[in-house]
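Peer 1: This is what each chain is made of:
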Amino acid sequence: MSTSSASEPDPAVADKTISDEQVVGPSSAPDDVLRVEHIAKSFGPTTALRDVNLHLRKGEVLGLLGDNGAGKSTLIKILSGFQKQDTGEMWIKGEPYAPKSVDEARSHGIDTVFQDLALVDQLTVFQNLFLQRERVHKPIPFLANALMRRDARRALDEIGIDIPSIDVPVARLSGGQRQAIAVARTISGDADIILLDEPLAAMGAKEGAMILDLIQRLREEGNVSIIMILHNYVHVFAACDRVSLIQDGVIALDKPTAETSVEELTEIVVEEYRRARLEAQVGVGSPAGNGASADAVPSADAVSSADASHSADASSGSDPGSAPGPPAG
Amino acid sequence: MLKRFLTLREGSIVVVTLITLIYFASSTPHFFTSANFKTLLPYFAPIAIMAAGEVFVMTLGEIDLSIGAMYLFTPFLYYKLDQAGLPIVPALIISLLVAMALGAFNGFAVAYIGIASFVATLGMLFVLDGVTLVISHSEQVTTPGTSVVGSTTFSQIFGGGTYSELIWAIVIVIALQVLLSFTRWGIYTVASGGNRLGASEAGINTKLVVVRNFTLCAVTAGFVGMLEAVRSSSASPDPSGSNAILFEAVSAVIIGGTLMTGGAGTVVGALIGALFLGILNDGLVIKGVNANYLDLYLGIAILIAMTVNVYVQRVRTGSGRGG
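Sequence lines, in order, name chains A and B.
The opening residue of the first sequence carries number 0 in numbering that gives the first Met the number 0; numbering runs sequentially from there.
The opening residue of the second sequence carries number 0 in numbering that gives the first Met the number 0; numbering runs sequentially from there.
By construction, these hints were calculated from the structure, which means they are not laboratory data.
The model shown is predicted, which means the values in this text are computed figures rather than measured ones.
One thing to keep in mind: the hints can contain errors.
Claimed, not checked - In silico lysine to aspartate or glutamate, EDC-like type, Cα no more than 20 Å apart, as pairs:
#1 K206(B) - E103(A)
#2 K205(A) - D156(A)
#3 K137(A) - D150(A)
#4 K99(A) - E36(A)
#5 K206(B) - D102(A)
Chain A with its partners taken away, still in its complex shape (with noise of 0.2 Å):
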């Protein structure tokens, strides 16, 4: 299905060269899920994004990396209705989306994991799986505490996690539980269109498995999309048809996993770190500013599209125009 894209160029990198005209990459097609332009945030002197174009495809797992403060929450946010971009526009299959809440983005069939997963202690597994769409009688309102005791307990199983009471508040729960739950919690709803803002964080290798093995049975069913925030390389290209890197607020990077490789990934990284101790070292002297940032990316795209000579040249410092790059947003 979407590893079809594999055949393409990767016109993400080459639009960047282009600068403001890009386009979404690798180029959008019919059936986009979602397709997201041009989204821009900041918050008063912070840029966290800064022209985001990114699409995803019906049953396509896309994996979002970046390092900290480069973004990926911020965008997940927007997508999720959470927080309003200040520029862009967004479609879900083909409509215009701007959605004003999570419970209209949820209408949408957009549903987010949130990092901080949006679980109140102090209520009970059931009542936090059925947070915000509780079941109610009629056609007096009272909770149908029985019914959702019961639709827990079966989605649960369904899913396979392993939780020892549903009626035990969730501050009694390990990590790996909790995120099971506001995975659960997700995934049992009507979405077709799961946002998943580090899933493994906070995991044990055993619970990381369980929620890994989770997405890739989602995947396999073909029915929701998928795009999640990930640290690990290994996670991506275990779980990922499609990997997005985000660097000071732009897609820096956007190829499917089959056409890239840790090593790739790595060498981005490595290079945005060299870059920013080059930034320390050159330091109080050097011009600093928007106008300087735009050159930093491009010069990040042409790492992530040459091999490791290129990038040999980087580190020797002859790449000063990307020295004044101020640090990630």
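For this one, chain A is given, so just place chain B on it according to the hints.
Peer 2: Relative to chain A, chain B alone:
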């Protein structure tokens, strides 16, 4: 078994209240009499209703300090509306609607403007105390619809009847406990108090939750003000008295097992907390304890109850330290 019972949120205060009850019943022959029961009622029924509303605000992790002032102000508004020629029932309804609007403003100040609830409602406290003093010219008034001799149906229903306040307290406490435990309103209140950001990420409109709980809290306080004004057939513009009631209501909420940090609350617990305070007050008076000792004992009782609650909370959540 005892531990299991104690882990019920209301468990500890039920035990403490029973012990207090047994102590007074065995040490003073006049305690278990119907006459004493009737003197006990006005001690605790109004506090229980006000505490029931405050439970919702404190479950949010906020506090409403203006309920005493709301209690003071509403009967004077009612009196003024009556003076302006309105029949008593519409005057009562409008007074309560104004109390709701003022409560909604409290909630708005907290949720949308971002003022800490302690400060916002402290401001409201002084504003309402001040307005009451201004419109009453610091003079006591006779509550319209009541009379010192004989009684009307209106006064019988709204506080004048012997058991009127008790019945209102029980009905309101049950209704609000159901609201807290078995409806979306309640679960959103707990969620917003436990994890405000998480609740909003889950899609709950937490600002609206804040506003409507402050509204609820204000209307219960205004209603109690009406009940008490009708029961005593007069209203006195005495801010120190009404603010003493504020502290008793907040004490009842805390003693009853509601956490000040938010995320957990119980209306029934607040009722029992109010009952505990009533029994303690009444019992100490009957025993002939020097009135100067009342506050001292009350303070000690609150500290003990809070210590127990912190322990109970640890057992409940299994967390290492406090709630």
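Peer 1: All hints, please: hold or fail.
Peer 2: Going down the list of hints, with the structure as the test:
Between K206(B) and E103(A) the CA atoms are separated by roughly 16 Å; this keeps the pair inside 20 Å, and the hint holds. Taken as a hint, the K205(A) and D156(A) pair is honoured in the structure, with Cα atoms around 18 Å apart against an allowance of 20 Å. At roughly 18 Å between alpha-carbon atoms, K137(A) and D150(A) fall within 20 Å of each other, so this suggested pair holds. Between the alpha carbons of K99(A) and E36(A) the distance comes to roughly 18 Å, so the proposed pair stays at or under 20 Å and holds.
Using a Cα cut-off of 20 Å, the hinted pair K206(B) and D102(A) holds, with the two alpha carbons roughly 14 Å apart.
Comparing the model with each numbered hint stated earlier shows that all of them hold.
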